[in-house]
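Undergrad: Those protein sequence lines, which keep their order, are chains P and F.
Here the first sequence is numbered in the working numbering, starting from 1 and rising by one per residue.
Here the second sequence is numbered in the working numbering, starting from 760 and rising by one per residue.
Just to be clear, a hint being listed does not mean it is correct.
[To be verified] Using C-beta positions, here's what the derived DEER-type ranges look like: (1) F:Glu-966 to P:Gln-538: 15 to 23 Å; (2) F:Glu-848 to P:Met-463: 55 to 63 Å; (3) P:Thr-522 to F:Glu-966: 26 to 34 Å; (4) P:Gly-508 to F:Ala-797: 17 to 25 Å; (5) F:Lys-801 to P:His-250: 54 to 62 Å; (6) F:Asp-816 to P:His-218: 47 to 55 Å; (7) P:Phe-170 to F:Gly-942: 40 to 48 Å; (8) F:Gly-942 to P:Phe-350: 37 to 45 Å.
[Said to hold, decoys possible] Here are the computed lysine to any residue pairs in the SDA-like style, where the Cα-Cα straight-line distance is at most 20 Å: (9) P:Lys-411 to F:Pro-828; (10) P:Lys-443 to P:His-506; (11) P:Lys-513 to F:Pro-828; (12) P:Lys-475 to F:Ile-796; (13) P:Lys-521 to P:His-509; (14) P:Lys-549 to F:Ser-792; (15) F:Lys-926 to P:Lys-443; (16) F:Lys-926 to P:Lys-411; (17) F:Lys-840 to F:Pro-822; (18) F:Lys-804 to P:Lys-475; (19) P:Lys-521 to F:Asn-827; (20) F:Lys-970 to P:Lys-549; (21) F:Lys-820 to P:His-506; (22) F:Lys-922 to P:Glu-487; (23) P:Lys-415 to P:Leu-109; (24) P:Lys-406 to F:Ser-969; (25) F:Lys-926 to P:Asn-520; (26) F:Lys-970 to P:Leu-395; (27) F:Lys-922 to P:His-220; (28) P:Lys-414 to F:Met-871; (29) P:Lys-521 to F:Lys-820; (30) F:Lys-922 to P:Ser-541; (31) P:Lys-477 to F:Asp-963; (32) F:Lys-926 to F:Leu-903; (33) P:Lys-475 to F:Thr-874; (34) P:Lys-411 to P:Val-386; (35) P:Lys-411 to F:Phe-965; (36) P:Lys-545 to F:Ile-967; (37) P:Lys-414 to P:Glu-487; (38) F:Lys-922 to P:Glu-536; (39) P:Lys-406 to F:Asn-827; (40) F:Lys-922 to P:Gln-491.
In short, the hints are calculated from the structure, not lab data.
Every residue, glycine too, gets a C-beta built ideally from N, C-alpha and C.
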Amino acid sequence: GAPLRLPLRTGSGPVLLLLLLLLVSVGSAIHDAVSGTNGTNVDPHHQSNSSGTKKPFPVLSFNYDHVRMPFEISLWILLALLMKLGFHIIPRVSHVVPESCLLIVVGLLVGGFIKAIGEEAPILDSKLFFLYLLPPIILDAGYFLPIRAFTENMGTILVFAVVGTLWNSFFIGGMMYGVCQIESAQLGAVDLLSCLHFGCIISAVDPVAVLAVFEEIHIHELLYILVFGESLLNDAVTVVLYHLFEEFSHAGTVTVGDAFLGVICFFVVSLGGIMVGAIYGLLGAFTSRFTSHTRVIEPLFVFLYSYMAYLSAEVFHLSGIMSLIACGVMMRPYVEANISHKSYTTIKYFLKMWSSVSETLIFIFLGVSTVAGPHAWNWTFVIFTVIICLVSRVLGVIGLTYVINKFRIVKLTKKDQFIVAYGGLRGAIAFSLGFLLTNSQVKHMFLTAIITVIFFTVFVQGMTIRPLVELLAVKRKKESKRSINEEIHTQFLDHLLTGIEGICGHYGHHHWKDKLNRFNKTYVKRWLIAGDRSTEPQLISFYNKLEMKQAIMLVESGSGAKLPTTVSAISMQNVQPKEAPRQRVIPTISKSREQEIRKILRANLQNTRQRLRSYSRHDLMIDPFEDNMSEIRFRRQKVEMQRRMSHYLTVPANRQETPPVRKVCFEPEHQVYNYDAIAIESPRGRDSRPTPSSPNDVSLLNESPQKPNQSSTTRAAGDVELRVKTEDEQEEQDQLKLSRCLSDPGPNQEGEGGSSFRS
Amino acid sequence: MGALQSAPGQPEYTDLAEKTGCPRFSPCVFSVSFEQIAVLHKRFKQLSHNEETLRRDHFEKIPDLACNPIRAQIIGAFFDKRNYRQNGEGSVEEIGFEEFLVVMSHFRPPSMHFTEEQREGIRREKLRFLFNMHDTDNDGTITLEEYRHVVEELLSRSGALGKETAKSIADAAMLEVASISMGHMEPDEFYEGITFEHFLKLLDGFEIESKMNIRFLNMDTATMCK
Numbered sequence: 001g002a003p004l005r006l007p008l009r010t011g012s013g014p015v016l017l018l019l020l021l022l023l024v025s026v027g028s029a030i031h032d033a034v035s036g037t038n039g040t041n042v043d044p045h046h047q048s049n050s051s052g053t054k055k056p057f058p059v060l061s062f063n064y065d066h067v068r069m070p071f072e073i074s075l076w077i078l079l080a081l082l083m084k085l086g087f088h089i090i091p092r093v094s095h096v097v098p099e100s101c102l103l104i105v106v107g108l109l110v111g112g113f114i115k116a117i118g119e120e121a122p123i124l125d126s127k128l129f130f131l132y133l134l135p136p137i138i139l140d141a142g143y144f145l146p147i148r149a150f151t152e153n154m155g156t157i158l159v160f161a162v163v164g165t166l167w168n169s170f171f172i173g174g175m176m177y178g179v180c181q182i183e184s185a186q187l188g189a190v191d192l193l194s195c196l197h198f199g200c201i202i203s204a205v206d207p208v209a210v211l212a213v214f215e216e217i218h219i220h221e222l223l224y225i226l227v228f229g230e231s232l233l234n235d236a237v238t239v240v241l242y243h244l245f246e247e248f249s250h251a252g253t254v255t256v257g258d259a260f261l262g263v264i265c266f267f268v269v270s271l272g273g274i275m276v277g278a279i280y281g282l283l284g285a286f287t288s289r290f291t292s293h294t295r296v297i298e299p300l301f302v303f304l305y306s307y308m309a310y311l312s313a314e315v316f317h318l319s320g321i322m323s324l325i326a327c328g329v330m331m332r333p334y335v336e337a338n339i340s341h342k343s344y345t346t347i348k349y350f351l352k353m354w355s356s357v358s359e360t361l362i363f364i365f366l367g368v369s370t371v372a373g374p375h376a377w378n379w380t381f382v383i384f385t386v387i388i389c390l391v392s393r394v395l396g397v398i399g400l401t402y403v404i405n406k407f408r409i410v411k412l413t414k415k416d417q418f419i420v421a422y423g424g425l426r427g428a429i430a431f432s433l434g435f436l437l438t439n440s441q442v443k444h445m446f447l448t449a450i451i452t453v454i455f456f457t458v459f460v461q462g463m464t465i466r467p468l469v470e471l472l473a474v475k476r477k478k479e480s481k482r483s484i485n486e487e488i489h490t491q492f493l494d495h496l497l498t499g500i501e502g503i504c505g506h507y508g509h510h511h512w513k514d515k516l517n518r519f520n521k522t523y524v525k526r527w528l529i530a531g532d533r534s535t536e537p538q539l540i541s542f543y544n545k546l547e548m549k550q551a552i553m554l555v556e557s558g559s560g561a562k563l564p565t566t567v568s569a570i571s572m573q574n575v576q577p578k579e580a581p582r583q584r585v586i587p588t589i590s591k592s593r594e595q596e597i598r599k600i601l602r603a604n605l606q607n608t609r610q611r612l613r614s615y616s617r618h619d620l621m622i623d624p625f626e627d628n629m630s631e632i633r634f635r636r637q638k639v640e641m642q643r644r645m646s647h648y649l650t651v652p653a654n655r656q657e658t659p660p661v662r663k664v665c666f667e668p669e670h671q672v673y674n675y676d677a678i679a680i681e682s683p684r685g686r687d688s689r690p691t692p693s694s695p696n697d698v699s700l701l702n703e704s705p706q707k708p709n710q711s712s713t714t715r716a717a718g719d720v721e722l723r724v725k726t727e728d729e730q731e732e733q734d735q736l737k738l739s740r741c742l743s744d745p746g747p748n749q750e751g752e753g754g755s756s757f758r759s
Numbered sequence: 760m761g762a763l764q765s766a767p768g769q770p771e772y773t774d775l776a777e778k779t780g781c782p783r784f785s786p787c788v789f790s791v792s793f794e795q796i797a798v799l800h801k802r803f804k805q806l807s808h809n810e811e812t813l814r815r816d817h818f819e820k821i822p823d824l825a826c827n828p829i830r831a832q833i834i835g836a837f838f839d840k841r842n843y844r845q846n847g848e849g850s851v852e853e854i855g856f857e858e859f860l861v862v863m864s865h866f867r868p869p870s871m872h873f874t875e876e877q878r879e880g881i882r883r884e885k886l887r888f889l890f891n892m893h894d895t896d897n898d899g900t901i902t903l904e905e906y907r908h909v910v911e912e913l914l915s916r917s918g919a920l921g922k923e924t925a926k927s928i929a930d931a932a933m934l935e936v937a938s939i940s941m942g943h944m945e946p947d948e949f950y951e952g953i954t955f956e957h958f959l960k961l962l963d964g965f966e967i968e969s970k971m972n973i974r975f976l977n978m979d980t981a982t983m984c985k
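I would like the entire structure built from these sequences, with the hints used as guidance.
TA: Shown next as C-alpha cells:
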C-alpha cells in the first residue's frame, strides 16, 4: 500500500518501537514475577478460608497466570503488526529496504532488549514454525498460484527444483567437507555425512523469503513463477534428503540399496503428498457444492480442508507443502464457482491476512533467535559456506538452463538466468531444519552458518535485487487488467493450437490440455459444481465476473465520481450498426398490462421500506438504503447510474432466470438501493410525463435473482420486470435503457399519484 | 513445386525453405528447417492419402478436429489465399504441399537471436493470421457481426445460453476495442470495425510471439538466409 505521508510524524516509528519493546519486556517481567510465586498460587475461584482468619474480600485481584499463554501470543502478534504499520509510515525506508530485512532488524533489537534485561528470549521453535506459521503462507501462495504460467513452465520448474536442489546439496556438502579437511580450521570433527546433511539443509530455496522479496519488485510473471515454483517443489527433495541423511548418520554406513530406497522414497514423498492434497481438495470442492444455505461458514471449509491436507501429509512424512499446494490448486476452480462473492472476498482477505502475520512473525522470530541461540562462530566455515552457496547456485542455474533451453520454446535469456540465480534466497525453513538437528556437537556451528547465509541472502541479495532489476531493465509485471478481448483470444488461441496440433498429428502440450479440459467439463464439473454453473463455459464466467466487478466499481464510485476514462466517451451507439429510422426504444405495452404493473408497483413501493428481514446473528444482512439520503441526491444518483450502467451492462434477461443458487448478487456494499423505473410509457408518447410538482422518484433496480425469503410482492415486481424485459428482446438489448421517472405515489399521496396515471 | 528465384551465392535450398522463411514485409532470418519440412511432407502425404493436393474434406476427416469449436475457421485458414504470403485474396478449393507448409510456418517460434525489429515482424505476421481468420469477408476490417460470429463459435458448445451471452460478450469486446483505438467519439460517429492496426494495438500486450507456437516446429533451426 502507499505509505502514508505524515510529515509531522516521522518520529512516530521509533516511538512505536520503543513503546512495544516496553510492552514486551513488561510482559516477560510479569511472567517472571508470576512464575516466581507460582508455588503458592491457588486457583482464585477456590480461595479457601480454612485457615480461620477472615481475609477481607478482594475487590481487585491479580492473576496473570490464567491468561499467560494467549496474552503473550497476542502481544507478539501485536508487536509484529505494529512494526509493519510503522514501516509504512516512514516512507523513505520502505522504498530502499525490503520489509523482511526491517523485520529481522526489529527482531534483533527485541531479542537484544530481552536479553539485556536478563530474560530468556523465545526462539523460533520448529514445531511452532512448521505447524502454525508456515501453512498460511503456503496456502495463500498455492490458492492464488497462476495456474496457466505454472503448468506451462512445469518442466523447467521441476528440473530446477529437483535436479538443482540435488546438485546444490551435494556440491555444498562435498565442498564443505573439503573445507573441513583444511588443517588450520580445526574442523576435523565434522564428517562427510554431517556435511552432506548440512548441505541439504542450506541448499533449498525458501518460499517465504522469495515471496517476501519478489512481491515488492513486481517482476515479470515468468521469472516469478520459476523461482517461486522452484521454492515450493523443492520441499519434497529437501524432506527426503533430510530424513535420508538423518537415518544414515544414525546407521553409520550407507549402501547402494539405501540410496536406491532413497530415490523411491522421493517419489513416494512427492507423489504421495500431491495425492493427499488432491483428495482433500476434491473433498473440499464437493462440500462447497452444498453450502448454498450456510454461506457464513464457507471460507472455513477451504481453510480447514487445506490445513488437514497439510497435517495429514506431515503424519506420513510426506511433503506437506506439496500437499497444501495440490489441495489449493485442486479446490479452487470448483469452490469459486460455488461460493458467494462475499465468501470469496473473505477467503482472499483472510488468507492474505494470515500469511502476512505469519511472515512478519517469522522474520521477527528469526531476528530474536539469532540473538538468543548459542552460537559457535568459526570464521572459515561460515565464510566458505556463504561463498560456496553462491557459487553452487550460479553454476547450477547456468548448467541447468543450458540443458533446459533445448526444450523450451521461449528460451531463458542471460538476464533471466541472473534473476533466477540471484533470487535463490534462503530463509526460515533452513533455520528450522537446522534447529531440528540432533547432533549438538556441530549443531551450533551449523546453525550459525545457516543464520549467516540467511542474513546474507535476505539482506544483501534482498536489498540489491530491486536496483539490479531496474538496472538490467528486466521485464516488469504487466499492470493492465485482463480484458475481455484478451480472454477471447486466449481461448481462441488454445483451440487454434489444439487444432493445428491435430492437423500435424503431433500430440503435444495443447492436445493433452484440451483432453483434460474436456474430461473436466464432462465429468468432474458435474459432480463438484452446484446447479447451472457446472455447464458454464469459462468465457462466460470470466465475462460475468468482469461485469460484476464493473458494476460494483460503478456503484462504489458513487455520485459524480470519476469514471474510468477509457470508456467514458464511447457508448454502444457508436458501435452498433446504424439502422434506418430509429424506432422508439420503449416497447408498447397493452393498457391493461400497464395498469397491472402500476398497481403492483404502488403496492410494492409501500412495502420496500419495511423490507427488513428478521435479525439473526448468523445471517448476512443486507440493509436496504434508508431515509438518510435526500430525495434529490437520490434522484441524481439514479440518473447517473442509469446512464453509466447502460454503457457497460449488456446483461441479457435470460441470465436472471437462473436458479437462486447463482450468487451473482448485484446488491452493492454501499446499500444504494436504487429502484429502477420500469420503462413504461403510454402509447401516446410523452404525454404522461409526471407532473413537475411531485417528482418523487423512486425506481426499482432489481437485477439480481430474487432471494428465497423476500416478500412475495417484491418477487412479483421482479417478475414483472422480467416480463417487460423479455419484450425488449426484440429490440436491440444493448441500446440505451431510457427510463422515465415515475412519480412515487407514496403512502400519503395515494390519491394524487393514482390520478396522474389515468391514461 | 513452383520455381522461385534463388538468391545468388546461396547453396541449394529447396524453394520451399526459402519461401516459408521470407515474408515480403520483414527481413527473414530463418525458416523451417529441412527436418521439419520432411516431417510435414510425410504428414501431408498421410492426410491426402498420397494424392498431390489436399481438399477440405481431407481436413474434415481428421478425428482430432471433430470436437474443436473453431474447426471451420481453422480449415478455412488453410484455404485462404491471404495466408500464402503472396498478397492474394479469396479462397481456393485445394492446396498443395507448398501452401500447406506456408500456413504451418506461421506457427514457428521466434529465435532467441532475433532483434526487436524481427520479433515485431514475427508478431505482425502471427496477428495477421489471426486477423484473417476473423475477417471472413476480406474487407480489411472485423465488423461487429464477424466478431459476434467468432464468439458464438467459441461458445458453440454451450447451447442456447451461449448464443445470447455471445452477443453481449462480443458487444462488450467491441466497445473495448473502440475505446482503446478511438479514445473519444461523438455520439453520432460510428465505429466501422476493427482494422488491422487497431487489432495490433489491442493485442499489444498479449505476447503472441511466445504463445502462438507449435512445439515441434521448435527444433534448433539452422539459419538459412542471411
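Undergrad: State the violated hints by number, sorted upward, taking the hints as numbered earlier in the document.
TA: Result: hints 7, 9, 10, 12, 14, 15, 16, 17, 18, 20, 23, 25, 26, 27, 29, 34, 36, 37, 39 break, sorted rising.
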